[in-house]
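Visitor: For chain U, the structure is supplied; the task is to place chains F, C, B, Z, L, R and A on it using the hints.
Protein chains: 8
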Amino acid sequence: MDISQILEAVKNQTITPQEAEKQLKYLPYEELGYAKLDAHRKIRQGFPEVVFCSGKKDEYLIEIFRHLYKENGEVLGTRATKTQYECLKAALGGDAEGGKPNLEYDEESHILKIEKEKEHIGKIVVCTAGTADIPVAKEAMQTAYYFGANVEEVYDVGVSGLHRLLGNVDRLQDANCVVAVAGMEGALASVVGGLVSCPVIAVPTSVGYGASMHGLSALLTMINSCANGISVVNIDNGYGAGYIAAQINRQSSVSR
Amino acid sequence: MDISQILEAVKNQTITPQEAEKQLKYLPYEELGYAKLDAHRKIRQGFPEVVFCSGKKDEYLIEIFRHLYKENGEVLGTRATKTQYECLKAALGGDAEGGKPNLEYDEESHILKIEKEKEHIGKIVVCTAGTADIPVAKEAMQTAYYFGANVEEVYDVGVSGLHRLLGNVDRLQDANCVVAVAGMEGALASVVGGLVSCPVIAVPTSVGYGASMHGLSALLTMINSCANGISVVNIDNGYGAGYIAAQINRQSSVSR
Amino acid sequence: MDISQILEAVKNQTITPQEAEKQLKYLPYEELGYAKLDAHRKIRQGFPEVVFCSGKKDEYLIEIFRHLYKENGEVLGTRATKTQYECLKAALGGDAEGGKPNLEYDEESHILKIEKEKEHIGKIVVCTAGTADIPVAKEAMQTAYYFGANVEEVYDVGVSGLHRLLGNVDRLQDANCVVAVAGMEGALASVVGGLVSCPVIAVPTSVGYGASMHGLSALLTMINSCANGISVVNIDNGYGAGYIAAQINRQSSVSR
Amino acid sequence: MDISQILEAVKNQTITPQEAEKQLKYLPYEELGYAKLDAHRKIRQGFPEVVFCSGKKDEYLIEIFRHLYKENGEVLGTRATKTQYECLKAALGGDAEGGKPNLEYDEESHILKIEKEKEHIGKIVVCTAGTADIPVAKEAMQTAYYFGANVEEVYDVGVSGLHRLLGNVDRLQDANCVVAVAGMEGALASVVGGLVSCPVIAVPTSVGYGASMHGLSALLTMINSCANGISVVNIDNGYGAGYIAAQINRQSSVSR
Amino acid sequence: MDISQILEAVKNQTITPQEAEKQLKYLPYEELGYAKLDAHRKIRQGFPEVVFCSGKKDEYLIEIFRHLYKENGEVLGTRATKTQYECLKAALGGDAEGGKPNLEYDEESHILKIEKEKEHIGKIVVCTAGTADIPVAKEAMQTAYYFGANVEEVYDVGVSGLHRLLGNVDRLQDANCVVAVAGMEGALASVVGGLVSCPVIAVPTSVGYGASMHGLSALLTMINSCANGISVVNIDNGYGAGYIAAQINRQSSVSR
Amino acid sequence: MDISQILEAVKNQTITPQEAEKQLKYLPYEELGYAKLDAHRKIRQGFPEVVFCSGKKDEYLIEIFRHLYKENGEVLGTRATKTQYECLKAALGGDAEGGKPNLEYDEESHILKIEKEKEHIGKIVVCTAGTADIPVAKEAMQTAYYFGANVEEVYDVGVSGLHRLLGNVDRLQDANCVVAVAGMEGALASVVGGLVSCPVIAVPTSVGYGASMHGLSALLTMINSCANGISVVNIDNGYGAGYIAAQINRQSSVSR
Amino acid sequence: MDISQILEAVKNQTITPQEAEKQLKYLPYEELGYAKLDAHRKIRQGFPEVVFCSGKKDEYLIEIFRHLYKENGEVLGTRATKTQYECLKAALGGDAEGGKPNLEYDEESHILKIEKEKEHIGKIVVCTAGTADIPVAKEAMQTAYYFGANVEEVYDVGVSGLHRLLGNVDRLQDANCVVAVAGMEGALASVVGGLVSCPVIAVPTSVGYGASMHGLSALLTMINSCANGISVVNIDNGYGAGYIAAQINRQSSVSR
Amino acid sequence: MDISQILEAVKNQTITPQEAEKQLKYLPYEELGYAKLDAHRKIRQGFPEVVFCSGKKDEYLIEIFRHLYKENGEVLGTRATKTQYECLKAALGGDAEGGKPNLEYDEESHILKIEKEKEHIGKIVVCTAGTADIPVAKEAMQTAYYFGANVEEVYDVGVSGLHRLLGNVDRLQDANCVVAVAGMEGALASVVGGLVSCPVIAVPTSVGYGASMHGLSALLTMINSCANGISVVNIDNGYGAGYIAAQINRQSSVSR
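Order-wise, the sequence lines are chains U, F, C, B, Z, L, R and A.
As numbered in the numbering used here, residues 1 to 256 make up the first sequence, in order.
As numbered in the numbering used here, residues 1 to 256 make up the second sequence, in order.
As numbered in the numbering used here, residues 1 to 256 make up the third sequence, in order.
As numbered in the numbering used here, residues 1 to 256 make up the fourth sequence, in order.
As numbered in the numbering used here, residues 1 to 256 make up the fifth sequence, in order.
As numbered in the numbering used here, residues 1 to 256 make up the sixth sequence, in order.
As numbered in the numbering used here, residues 1 to 256 make up the seventh sequence, in order.
As numbered in the numbering used here, residues 1 to 256 make up the eighth sequence, in order.
Hint data in this document are derived by calculation from the structure and do not stem from the laboratory.
A few of these clues could be false.
Below, a list of computed lysine-lysine pairs in the DSBU-like style, where the Cα atoms sit at most 35 Å apart [stated by the list, open to error]:
1) U/Lys57 to B/Lys82
2) L/Lys11 to U/Lys57
3) C/Lys118 to B/Lys123
4) B/Lys57 to A/Lys123
5) F/Lys118 to C/Lys57
6) F/Lys57 to C/Lys118
7) Z/Lys11 to Z/Lys57
8) C/Lys82 to Z/Lys82
9) B/Lys11 to Z/Lys11
10) Z/Lys116 to R/Lys56
Excised from the complex, chain U in its bound form (with noise of 0.2 Å):
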């Protein structure tokens, strides 16, 4: 019932004035005890919650896992270590009629996931300047797809050989949202916003050493940038940019 049904039911008298006061309390949420399960975010954002596995105990994983299947028929978890993918793929039992949930997982990007078949939409680019930031541009490419989005994938296209990041731009150009993962002194970001029309989020990553500071050097670079359109998310956050470039791409998409 929403806000609107209580309040008729309580006109109504369906209900007592004290028992829809508690539910005009609690939006839906199943409560684990150490964790509250968000099953409102859906209808309130557009997309399902997503497991953040990194230092969860297995049974945790597990029944969270179980859960937002149940909830949704599919789950996605990021960083996820293959020993936590393992584990979880012993766990979960099939049923008599449907087998087992498909779990797959991804040693690149750690995503460990249950993905329906589904439409994939629009265009993304995630494009790296190094090849050591695939990783957080897989990562960002996982979730993209996970949520309905099409994505193109341009990697080692840094900026001190321009040649082979003009050599793409055409690719680039026609992406409803551009995702641009960089390390190191991170100026891509800086160079893709100067050539595309569209919103371009920035990754920096922590690839580099001594001054890169685990990448908060790339992050000033990019928060600095003096190209239109760039916005920049955490240090190997491929999961964020990939979240709000499929936000974008939806929007996009879609005549409103």
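Guide: Positioned in the frame of chain U, the structure of chains F, C, B, Z, L, R and A alone reads:
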């Protein structure tokens, strides 16, 4: 002539290879000596070049405004002083037919502009945590409006009095993009991010004192946000946020 | 009407569900356009809203003071300039019965207030390391006093001349809360923390030079304190410390 | 003998001035060579000394636990490893009458303790933004409980899914003190601060990655909070927060 | 009366235990309300209290100078403005016998003092990297001289023209202490440290620009020095260095 | 074909404008999917591409070495592990005529290379402050040597024992470029900068502890150098310094 | 007399060993008391001493200019104010034969100089990202020109409009050294570094706001550059970059 | 031969000027290739060279110990591992007369030494805030003792239990130098500085967690100390503090 036209002309021997080579090297920009106006930008990026007025000499500003006005029929300037406005106003004479261009200055946002009539589409919401954040919000609002978006303002809805924000949630929920402007601890972005389904552009402001470190704390808060859909621009960069919001709004409002 | 009254009214069909829905969404605040006064705060938090005067336009300040004075019969403003005081003084006219409200300004703490007679309870001690820390201490003192606490001041008892502090220990030991204000290396908080049984609110100040980094060093010292019972507020945030001290004092003075 | 007893004894010539001088200089502590146990602390501060186990040699730890147990009948140790627990368990033999002291270890909070039966008073709430913050919260909870407070736990109520927090507000609103534990951007403290009337002790955690800088970002967020009644302790310092909460709870529960 | 005299008096019943207790608690300091002058310092530390003039109100400064002059026959003030000097000069009247105290002000070091005739012993060398560091060096020099040391000045011997330093090495090598003052990269301290056998007090200065970060870079350089015998004081803290140099010089000049 | 050849071919109708357009867009690089080898670099920059081995997968490394070896007859790899060396050694088979390429690995500098015979010209000096800086210096030395420079090594000449440096000054003074490698306080660069007439490339190292902050302090020292002719590369970036030194040496050794 | 002449003279007993010892110790510098002019520098480093005017007292400045002018027939001063120029102009009288020295002041770069006719050799390019970086670029340009280089200026070629830079690449590619001046995110250096074969001296500027932290962000970007051949000087240090560029240009233009 | 002997020899024509020139350039150090042992240091600085063992290769360490032992009859090594001790012990064979040198290793301070019998003079006190600071204190103690000082240890006297420090004040007050070792907030130095008349060398330690930032917070506290007579060395630099304390103690104990 674009690149294929140039090459056709070479083939037809209308121009020599030497002339062609020259033209191929130089994409269009207007050389003013101290500046190179990016006449190509409107084609490449969809929005024409904007003038960062802060610290520009008067004679430069006048010349740049004249060129851009002639090129596009409108000009947007950011971070302008009142003195610059007055100087520019005196300098921009009218012509035989149309009279003086309509130069406008907004003291709060420091936006200085000549604006064409245009249709405004979609919807962006700009919200602030406190009243001290309003000048930055106004810069975002003015920018997005100039670039063709409808903009709604929701001010003073900081998280310490949550009901003020909750009472305005429905105004946020049907936007194509929300710009969340906050100084001090900058928590507004995370809370807004959890309540809407569209992308949130977070703008940290330099409002605060002590450990706010001129906005660095708010920037870090926003970059570390646990909510989905949040990306961040530089401290006090209302312009940047307004630009991205307008990009997203444009893509979201027109079926592609 | 509170939530249960609203729901009773729906049940009794005094109001429609639609009206109820509207009222439920909006907890009380007064919309001034540029600001949303939190009329609800006194009920929710026990102390009414306070005005951070710094940088507020005169017309805003006058309007806000009028509203809050009307609401609560008293107003506390922090970080006010003398000019704001004079402007406000001129603006706040008297009425038929009671004459002008008694606006007071303290140049040292920059507190600007209209204060009701009230009973003061319990005991707070505000102490400083040096004389340069006194303005911040006065802000804490004035705030705590405004919110109903008895406050004792113990100034210039920094750790480099320990006997000055030790000679005043008994004045500290029967307080409900001690506010320890110190700049430079900020060691006072740790020493005080080891000598008293009540909570110590540590306020780093921007007093110092060089590596004090405008109070950041003192803040770090206090956050890292090896003594028990110390928690920290922002640099120069006398108001915040006074507020918390008043909360603790109030809870400690009234049996619950 | 306290100072007045000593002076009486001098007057009565029970002791010589020379002996008195010696005694006056030395407040009671137990000299273990490598450590000086603060036997006086319980009198001076109301709670006995607590053992920071991390990195302490086994023989030291055993000796310190023995002394403190003998002195107070109970001991609280923080940041203990499982190995330390096992070593201590083996070492602490029983005696003729009472058997071994009841040594308990909690793996999540790393609390190692021997605890006396005691009455618990008042109410503290410990809440966290996410599940990864729970170990720090447990340290706070265990500490406050050891020092005699009733403690209620409210976990995984981070601001990105606000309804989870709002659904638990009434549990927070009747506490004497709320401990708000959060990593990443640490926004929980500000939101809680705006919803309750008691003091909020904010504990930043090192949960996060990239620009969270091991908790520094959350610390800055909390220090800059725009909400009233918030003071901050060190990153991951659950113990410190639990101690202060217990102080405030004790003062609030007993009429003074 | 010192502690043994007090206790004798109690024994002899010249004073009551109650009076003794009071006296024992309060080591001597003069209470000025806003300040507590540390009259005991000369006995405890060998040098009387010094006045940090910066930001002190005129009436406070006058009163403090009067008290300290009366106590010690001389006063040293640091970081004084010319205005403070003039105000103090006007205020300090002469008396029947001796006329006005001889107040002196040095514009370069901002030292304001009344100085007794005294014998100067030993030898300190104060050296600087550049001419811009001289004001800080002068503060060190004046302080050390006031506290009884002979001081030699060796300026503009920065490491980029090493022969200027090498040509003065013998002047440094027979000092009891060298004060090395340098901004920018602050390398002087390390080079001096390798050339002399006495302790070197390193004073970073805020001279520089850009990444010098107001002296922080020089401070870090000095703290990380690979040379032996170097310890560091705060940025621009010539006074502190002069004080320590005078301590070391005093101890080195008098057989103990 | 270069651009003028392409345009001639269009004019002569040897190729169509469409083919020309394609070729003009893509400057030569070899697409490996995960990497884009910059085959053009040797022409554009005078030195062929170098392989940053750290973290590269074995199969990638082998493929990249094969391509670059085929292209240039030699390959330079930096930051290689011994395992990578062994893997590569096993993989690079010989051919009919020339046998296996001569793969060499230097454990100190972590340089992994196949090097052609070549003439070495000019002179570079690489010097270090301490012995712990030698691995970084070796990386610089090896790089510069690979790119054709004569290199002389002068180690352990830190400023705390100045005579060690002064005794080697004449070896430095006839170099075309000096690479100064130093950790801790990094003062070597300034002193060397004052003694030679050629450019000095300063390399901060992560040697040190505490406030050296993994080389950041040395970096700041070098950036703030008061000596002329000093420019700085990243912490531990021996490769970068060796490259620049080789550039300068090449330009200085060949009349242009 | 140089060292071998001195030793010959000792052998020939023209001077005593004692006199020789004295002379050997003191390399030539002129002692002005507050400064030690490095008369030896031209011989040691190839360029005479330059005056950092900022903050120098007028009388010092006049005396230093006179000495250096007499010594070298020309003087270069950096960071001079217009007032210093006027004061110096008034002070430098003419002499019988040649009239006043030709003192010139450039308001943009704050260079104050007396310059001899000289031949200019080679070629340096100074380029900037934006127009706001021009003053720093001018300082570099003026310095390099003073030290005998031909200098070409290429301004406003920041990476957000890449075609402006690409249209000028050939002007950069035949330089002996490129000075790349950029504030904000400072990405220009990396892009230029990938396009030219000569060394690039990167100059971060304090242009920007918010997280640019007065140039620190640009400095970090440049230090972390992924391109080869880039070394970095201090923020706004146009002089330093110009000096190094002139060194490299000199070495590159003269066969050695 | 020293410089005057060399010059006499030239005069007497015992050596040629050319030979003299060579000798004058090289002050004595022993060239080991990878290191240059500073044989001159004992004369120049009064204490012989000390070996920083951390990270040194075994063969280097053995060779360096042999040289220094032969030179001075004793050697002090810091930051040695137990493995290095064992390796060195095996390597250092005895000779005909005297047997093996007596190599000692202290696991707590990581000091590895061969020590001659010597007289110890004066008095230094090394004190710590906590027990975790003891290893750093031991390094200071061992160093000062090796260099001939009597050393007294006063541990676990942190400021949160002030009576532990006050009960030991008289042990501190007759020292020639106090070394104050503290991590976390590092307040001990300020309190000690206010209680003694001799110089205090403050050593920040990396003890702590969270915002202690590995000792940086304690370093800042100590650098900003409001007490007189405090200078600071690097984090965990017990050796450095012990060295300076020994210098001051030596100067203070011998009449000069």
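Visitor: If a hint holds in the structure, say so; if it doesn't, say that too.
Guide: Here is what the structure says about each hint:
{"no.": "1", "hint": "U/Lys57 to B/Lys82", "result": "18 Å, holds"}
{"no.": "2", "hint": "L/Lys11 to U/Lys57", "result": "70 Å, violated"}
{"no.": "3", "hint": "C/Lys118 to B/Lys123", "result": "29 Å, holds"}
{"no.": "4", "hint": "B/Lys57 to A/Lys123", "result": "30 Å, holds"}
{"no.": "5", "hint": "F/Lys118 to C/Lys57", "result": "33 Å, holds"}
{"no.": "6", "hint": "F/Lys57 to C/Lys118", "result": "59 Å, violated"}
{"no.": "7", "hint": "Z/Lys11 to Z/Lys57", "result": "46 Å, violated"}
{"no.": "8", "hint": "C/Lys82 to Z/Lys82", "result": "27 Å, holds"}
{"no.": "9", "hint": "B/Lys11 to Z/Lys11", "result": "5 Å, holds"}
{"no.": "10", "hint": "Z/Lys116 to R/Lys56", "result": "33 Å, holds"}
Hint violations for this structure: numbers 2, 6 and 7, all remaining hints satisfied.
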